[in-house]
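Asks: Work out the full structure, taking the sequences as your base and the hints as a guide.
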Amino acid sequence: MFLAKVIGNVVATQKNPKFQGMKLLLIQPYVNKERTLVQSGGSVVAVDSVGAGLGECVLFTQGSSARLTPTTRDAPVDAVIVGIVDAVEVEGVMVEKP
Amino acid sequence: MFLAKVIGNVVATQKNPKFQGMKLLLIQPYVNKERTLVQSGGSVVAVDSVGAGLGECVLFTQGSSARLTPTTRDAPVDAVIVGIVDAVEVEGVMVEKP
Amino acid sequence: MFLAKVIGNVVATQKNPKFQGMKLLLIQPYVNKERTLVQSGGSVVAVDSVGAGLGECVLFTQGSSARLTPTTRDAPVDAVIVGIVDAVEVEGVMVEKP
Amino acid sequence: MFLAKVIGNVVATQKNPKFQGMKLLLIQPYVNKERTLVQSGGSVVAVDSVGAGLGECVLFTQGSSARLTPTTRDAPVDAVIVGIVDAVEVEGVMVEKP
Amino acid sequence: MFLAKVIGNVVATQKNPKFQGMKLLLIQPYVNKERTLVQSGGSVVAVDSVGAGLGECVLFTQGSSARLTPTTRDAPVDAVIVGIVDAVEVEGVMVEKP
Chain F
975 MFLAKVIGNV
985 VATQKNPKFQ
995 GMKLLLIQPY
1005 VNKERTLVQS
1015 GGSVVAVDSV
1025 GAGLGECVLF
1035 TQGSSARLTP
1045 TTRDAPVDAV
1055 IVGIVDAVEV
1065 EGVMVEKP
Chain Y
975 MFLAKVIGNV
985 VATQKNPKFQ
995 GMKLLLIQPY
1005 VNKERTLVQS
1015 GGSVVAVDSV
1025 GAGLGECVLF
1035 TQGSSARLTP
1045 TTRDAPVDAV
1055 IVGIVDAVEV
1065 EGVMVEKP
Chain P
975 MFLAKVIGNV
985 VATQKNPKFQ
995 GMKLLLIQPY
1005 VNKERTLVQS
1015 GGSVVAVDSV
1025 GAGLGECVLF
1035 TQGSSARLTP
1045 TTRDAPVDAV
1055 IVGIVDAVEV
1065 EGVMVEKP
Chain A
975 MFLAKVIGNV
985 VATQKNPKFQ
995 GMKLLLIQPY
1005 VNKERTLVQS
1015 GGSVVAVDSV
1025 GAGLGECVLF
1035 TQGSSARLTP
1045 TTRDAPVDAV
1055 IVGIVDAVEV
1065 EGVMVEKP
Chain Z
975 MFLAKVIGNV
985 VATQKNPKFQ
995 GMKLLLIQPY
1005 VNKERTLVQS
1015 GGSVVAVDSV
1025 GAGLGECVLF
1035 TQGSSARLTP
1045 TTRDAPVDAV
1055 IVGIVDAVEV
1065 EGVMVEKP
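Line order of the protein sequences matches chains F, Y, P, A and Z. Positions 975 to 1072 (the numbering used here) are the ones given, in order, by the first sequence. Positions 975 to 1072 (the numbering used here) are the ones given, in order, by the second sequence. Positions 975 to 1072 (the numbering used here) are the ones given, in order, by the third sequence. Positions 975 to 1072 (the numbering used here) are the ones given, in order, by the fourth sequence. Positions 975 to 1072 (the numbering used here) are the ones given, in order, by the fifth sequence.
Just so you know, the hints here were simulated from the structure itself, not pulled from any lab data. All values derive from a computational prediction rather than experimental measurement. Be a bit skeptical, because a hint or two may be false.
If chains are identical, the list can't say which one is meant, so a pair holds when it fits in one copy or spans any two.
[Unchecked claim] Below, in silico cross-link-like pairs of lysine-lysine (BS3-like), each with a Cα-Cα straight-line distance of 27 Å or less:
hint: 1; residue 1: K1007; residue 2: K979
hint: 2; residue 1: K1007; residue 2: K997
hint: 3; residue 1: K992; residue 2: K979
hint: 4; residue 1: K979; residue 2: K997
Replies: Next comes the structure, spelled out in structure tokens:
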């Protein structure tokens, strides 16, 4: 899994029927830079399965495992948010809410 | 999933029989750059399952999940377009039709 | 899927028995550069399932989907050529046989 | 699999129920640089299945295979620590505990 | 699949039981550079299923397909060596034993 920040959301009307009712969030993975987590330049669209909101730090899963939540089962989904991160500790030190 | 722009299409006569009748689109993923989505240098060939057209912003799925649409079931396909994007909002601001 | 050019071939005598009789081609993926497809620096070894030859532009599939051709079924294969590309059109213009 | 150093841990209260009781470690993959393993800039969150601790060098597995440990079975997990590394030998020379 | 050079080996005593008896090799993928294969800076740990040795050029498979050898079946393994490479031909010219 990777850590990411929720930076936005995506609206699509014309889509695969399995996506009906799914919340599509735009997230930006964090990369580690000298014991600090900084936002990378990438951006992933992940289905929300835990009630995440804008600005929150989340944990997301990719690949076939992304279909193993009640929200995403059997859907053509390859990224899902599986947790809202409360704290990250790097080398014994609490990282500022990344 | 990732966002991408449909930039072209691919024609292949000699191919795996499961590809018969599939529309193969050339798409270019978007990357995030200071709250703007810009086209990356990469290019992916994805099967269209939602009626996407040239210039449109789409959502695409990769890996084994790409086989979970009616169009791609059991085919040797690893990328499929699953939605046509109407709007992307980054940090509360609507992004120009990317 | 990605587009690639067939640049060579690989010979391996000592190998997993499922590879017996498979043609292993060395291919180089294309990346998009200002509406032109140029060869990237990477190189992948893919099983040929469509009769591709040296210098041809091909379409290849990766991951678990690479096992879904008659040639590769149940084999420990993660890349397979699924089509020979006749034409690629980018933004309405036919790309030189890439 | 890849080698990585355990550099921290992640706490998430609101999460997929399958994550209950799992230990989430922040790990940093190693890359090879002239026969020495050095920490890369990336960071992955992996489930611990072998009792790994801070500072240790570990072996981790990604993708669908990450669900094949007793700890992670059927969970939406895409990275798991499967071994604690005692020694790495590069070209016949023991690498300093990386 | 990718080509790689076997550059070392990894010892782990505390590990998932499915890894008992497996030989873990450290391999370095090759990348193509003007018709020559050169070692990349990456390093992967792959299970050996064909009797590969230090310095040899091998073919390895990643992802779920890595579990499809007798050695790795049902194990949490995501990379396996499936062949020992005898020869690589690039654009009609035999590449020096890479």
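Asks: Against the earlier hints, flag every one the structure doesn't satisfy and list their numbers going up.
Replies: none
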